[in-house]
Amino acid sequence: MDWFFILEKILLISGVLAISLIVAMYSTWGERKVAGVMQDRIGPNRAGFMGLLQPLADGGKLFFKEEIIPGSSNRFLFILGPSLAMMVACMTSAVIPWGDTLTIAGRTISLQVADINIGILYIFGVVSLGVYGIMLGGWASNNKYSLLASVRAASQIISYELAMGLSLIALLMMTGTLSIKEIVEQQRHSLWNVLYQPLGFLIFLVCSFAECNRTPFDLPEAENELNGGYHLEYSSMKLGFYLFAEYINMFISSALMSSLYFGGYSFPYMDSLGLSPNLTTILGTVALFVKIIFFLFFFMWVRWTIPRFRYDQLMRLGWNIMIPLALANMLITGAIVLYRSTH
Amino acid sequence: MNALISTALAGVVMMFAGLFIRNKQHIKFVAIAALLIVSVANLAELSTIEGGSRTVLGMVTVSHFSILFNAIAFGATLIYFLLSGSAFEKVGEHVADYFALVFFILSGITLASSFSNLLMLFLAIEIISIPQYILAGSNKRTPKSSEASLKYFLMGSFSTGILLMGITLIYGAAGTFNIEELGLGNGDINPLALCGIILLAFALSFKVSAAPFHFWTPDVYDGSPTVFTSFMATVVKAGSFIAFIRIFHGAFTGTNISAHWQLLLSLVTAATLLIGNFTAVFQQSVKRMLAYSSIAQAGFMLFAVISMNKYATQGIILYAAAYSVATIGVFAVTMKLKDYTFDGFNGLARTQPVLAVTTAIFVCSLAGIPLTAGFFAKYFVLTAAVQQGNLLWLVVLAVLCAAISAYYYFRVIIAMYFKQGEPATKEEITGGFKVMLVITAAIVILLGVFPGLLLNLI
Amino acid sequence: MLTVLLILIPLVAGLITFGLKGSGPKALALIASIASLAVTVAALFQFRTAPEALQLTASWIPQLGAQFSVGLDGMGMMLCLLTAISFLLIFIVINNRNYERANSFYGLMLLSQAGLIGVFSAYDALLFYVFWELALIPVYFLCSLWGGEKRIPVTFKFFVYTFAGSLLMLVGLIYIYLQLPDKSFSYAAFTSGVLSPKDQSWLFWLFFVAFAIKMPVFPFHTWQPDTYEQSPTPVTMVLSGIMVKMGLFGVIRWLLPVLPSGAYMWSEVAIVLSIIGIIYASCIAIVQSDFKRLIAYSSIAHIGLMSAAIFANNEQSLQGVLIQLFNHGINIIGLWIIVEIIQQRLKVKNMNELGGIATYAPNIAIFLVIISLANVALPLTNGFIGEFLMFSGLFQYNVWFMAVAGLGIILAAVYTLNMVQKVIFGEANTLTSTTTDLTGNELLALSVIVVIIIAMGVYPKPMLDLVSSTTELVNKVY
Amino acid sequence: MFTDTVLLSATTPFSYFPIVLQLCAALGFVGLTMFATHFLGPKRKTSDKLVTFESGIEQKGNARQPVAIKYFLTAILFVLFDVEVIFFYPYAVNFRELGWDGFLAMLLFVAFFLGGFFYILKKGALKWED
Amino acid sequence: MPVQYYIFLSIVLFCIGVMGVLMRRNAIIIFMCVELMLNAVNLLMVAFSKMWADAGRVDAAGAQIFVFFIMVVAAAEVAVGLAIIVMVYRKSQSVDINIMNRLKN
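Protein chains in written order, with numbering that gives the first Met the number 0: chain A, 0 to 342; chain B, 0 to 457; chain C, 0 to 477; chain D, 0 to 129; chain E, 0 to 104.
Because the hints were derived from the structure by calculation, they are not lab data.
Values in this document were obtained by computation on a predicted structure and should not be read as measured data.
No residue lacks a Cβ here, since even glycine has one placed at the ideal position from N, Cα and C.
Do not rely on the hints blindly, as some may be mistaken.
Said to hold, decoys possible - Stretch by stretch, here's where chain E covers chain B in the computed footprint (C-beta under 8 Å, at least three residues): (1) 123-135; (2) 172-183; (3) 405-418.
Chain A with its partners taken away, still in its complex shape (with noise of 0.2 Å):
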């Protein structure tokens, strides 16, 4: 047994999940911030420099609020509901590659927890665990709004997981693999995928708002018609974990999208700059990071700018335009992949 594979593992996960941790927490912030851009308002500046510490603020609240589980609600899939939409958030992570590889004292650090041949695929398996979460915490909680606002959900992102596999396929046509950082090693060498697939883009894009709840998906959660959705009865760190879960779900999202679409921790030019590799590898990273940060300033960018989908549009976006379509690119893509190796 390698310890020192273990160690650094063990610092790699705790770095991963703390960084998770923290781009939740300041998303709060700048989602404030972004909207308050938009709306021609400065949004929080109270607390320390420009409100950066806002989310800490936020934080600790939840931390010490009261905690309380209605007396009709079925405790233990009360607790166990949010608890399982934090774990699937902080389990996404494993698989996606958050850098090439760091040379330390003659030991080669891969910057990515697992490399597994079927990453994308664990990806689609852990995060259709998240409907777990909402659908026990909004039954558990035993009230109308909840129970509505989680059934709702689960329609809602079942319904654009579809189109959202489908997308991907087209994808794996190209790349002939399910391991995201060969996924990423491929564009390194190349031009990224977008380029390629455009279309499979936009609706891996669209079905992500929809997974991650976010507007112009975020029915489960209106508060104008559902009280809050499936939350609703949730308080304390309870409430925080679905909130933070939402998140790192957005954090991921956009990890994956840079990964799988943009290169991930690619950027061009990289390999003919000349740098150590080292160096080389800590610009890929920050390079990843700059992508997921605009990512993340696009899904509030959007938030603030289109207005929320009525429940039958939003499905019938999903099933009658986004299969089709994603199926479309799919076979298309095939055939153009196809002839080119043919001819």
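Given chain A, work out where chains B, C, D and E should sit, using these hints.
Chains B, C, D and E in isolation, oriented as in the chain A frame:
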């Protein structure tokens, strides 16, 4: 392959027919036309097969035998559509879907008659089973129907699990799913394989409702809409049997291995015969009687499984045809009556002589009276068992049970001819229906006088 | 060709009859039975000149080696004759009856005739089996539709008994078929003697049970008295006069030649069963007060003697059996005709309510006496020669068997004469004093029977000649 | 029958080990936080506080009533179509080797997929308006 | 890990499923037990596939394809089965299979 593809396509066509055709009666005609096309496609393949069989991708082996069996299944279904097709409309709204499901079942049956890979066996069994769960529960007006459906579903999926475990264990022993390459009978017996075979035997006994795995049958058959019971108890059962026979004859024969499961299955056969017959004797409802009699008949068909010779294959072909056609006929008549008990048949001979005569012929065929198809069906499976050699005790048991079966089959005749009563029919008996019944009865008798008509084709 | 015609005439006539109305069925049945008799007589002549011409073999199910093979030997010829005569007599006697749904009645009667002739002429084991079953179905319907009060359970018992028996026989047939090298059902192949004695010893029981139920032999007889009692009398005539002969015929034609060592091995058991049947049936007959049941039990006793004689397996006994097949049929039909006549007039079956008929209907009395005497095998009646030969055959086999069976003769005399005494002599009561004498057609039928009784009693040689070929054949096989 | 696909040349079970580590870490984090907040917050429970919130009016009946069958239908359809999607994955990974034959087979599969899809659309299984 | 561990685990899971089906009365739980059985089979199938691949069979991936088919069929069964259970529940407000004994009469 033609049959497989065309039935699946026909199913899809029927699904869409329901969307575009408003008139329910036209749907029936579309179904009949589709079935005719399927039959023709099936028979057209006969001439293209040289040297007995053709294997497609190591998954499906199309042979003369399988085509003939398909033809019988399609023929029986055609009779079923013609006799009982109009009863579909009374079950519920989604007539076209019911027809589509029947076509999907048929495609499962064609797969069952031609698989050459355990994967395809599994798929065949499932394609046969799953539409049946739906058909069983298709009458939404009565709780009986949905409960029958639930019961069938739970039992059916349970047996699927067992089937899969059997297949997995066999794979663990043999390293392949291809039936021809399994090679279990040679050399020492692998305990994994033996366990697998036993599990497979159990699961398939479940599917063909052989005792002691039969307990779901009466309830399900009784609860389901009669028109679907009639299909489930006949064509579908024959289809499951063909799968049973193909796998056990094709893969598990061999000097060492067959003795092990043969004893087990003979006991199952004996139990099936005894339970099926003795319980059928005490039934008051014709529908339930037919359910139990289908168990009893399964006992006879099991002979074909355990005897493993050419009579067995011929026998199962004849049995499938004879049993299906006759039972479909009896069910068709039963469905026209208001009262499904034996008393409901009282005096039918006086009011509806055509119905009574044809029913009498069907029932005689089921009892195995000579000059009806049922006689030669029984004859062949008994011959197969006698030739097998060490099953004579079972054969004697079987003929005694056959004599008992005459009791409950003839109760129908007694009720129709020897008792007084005014049987109430649900609807006007049309001339077309009578003509179809007479044609069906003629087929039964024709096969009873000249079984060679079918046997020549094998 | 004539043989096929013999089967076809009643078959086709029967099917046509179903579609007729009014008095059509009656007329057609009569015509068909006359035609049958004529063809039978023609066949009889052909049999004397060119017996091979009665054989016919046609392809039926080549896959199984089953053929449509029919033909008539001496025994078959004789039984066909018996069938033709019996059916004609039955139709004559019931000519003035009007049955409900006459078309079905006469149609089924004719179909059963076709089945019977098929059984007697089949030379292919599978064909034999098919006819064997087919003869049963119409009779089952006849009994169930036109029988007495308890007809449904009773005839059902009859049906299940015989059906179970015949299915056992089917198993035996299949087993033998599979043992044969050329996989054929033909008579020649079946009698080629390839079966090992071990196989024969158990196959014997499969066949014997089937035949024993039909005859019937103790302990397989329990269906018989009930069925005879409940059936309409014309059907009882068919049952007791001809159908029971199917069992005996089966033993002689199929069991003995196909399973000679089996029959040899179990002959004592078979004889003991038969003799128990004789004594048992006779004893019950003595205490019986029901007219029909008495005759039924007497029939069991007679058949028991025949069956015992068959298994005694020597030429004399066999000759006796063969001739008795015919004579017993004639006698018992005669008795049933009388029963039918009395019952139709007085509507009672209990002999204690009868008596003194001789005074009011002397013709009935005369015929009953003659036929009863033939039934107890008085010399110069037809019963005598057969029973004599059978007893001498049994004597050669085992003296004690003969002695016990002989007791049956004495008992037969007791109950038959008792019956005659009770029915026609003694005090007439108010009921019996209304008896009217025979009508024309009854007189005709009974006269024919009496003529046959006396002719056969005085000059049995033609009949003995007719069956000699069969006797020789069977003994050769032994 | 089947060729050796990428599925078989799998990475060793050991490459999944870090995932187990991460699972432990996530479990630990979630558990700890839950545990901590349980003790950190004030606890002043009153019966009114524990009543479920329904926009300020009193709760009527049990919330766990059957919801519209549409949701259920969507779930079922997802299960079916998702499994069909799963079939595309091994195909997509291997589709270069399978070539045009494989593509045609996949077209047939897609045709059936679309057949089912249009069927449910036509049947109105996804109509949310009513 | 040796394949025996997987076989043992799968058999245990399978037996739990079987016992559940035979002993529980709630239709949903029975159904879940059936799914457990199927998943035990899947696990075993993959284990055997690996075993035969290690033993040098080139077509051992077939078992993994089989697993796909099991999943598909299981999905179809889920679709049908849940629909049936919902239908029964809406009729009788219960998914206890004991109440279904009224079918017998």
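Verification of the supplied hints:
Residues of the segment 123-135 of chain B lying with their CB closer than 8 Å to a CB of chain E number 4, which satisfies the three-residue condition for coverage. Interface restraint, the segment 172-183 of chain B with chain E: holds (3 residues with C-beta to C-beta distance below 8 Å; minimum three). Given as covered by chain E, the segment 405-418 of chain B fails the check, having 0 residues with a CB less than 8 Å from a CB of that chain where 3 are the minimum.
Violated hint: 3 only; the structure is consistent with all others.
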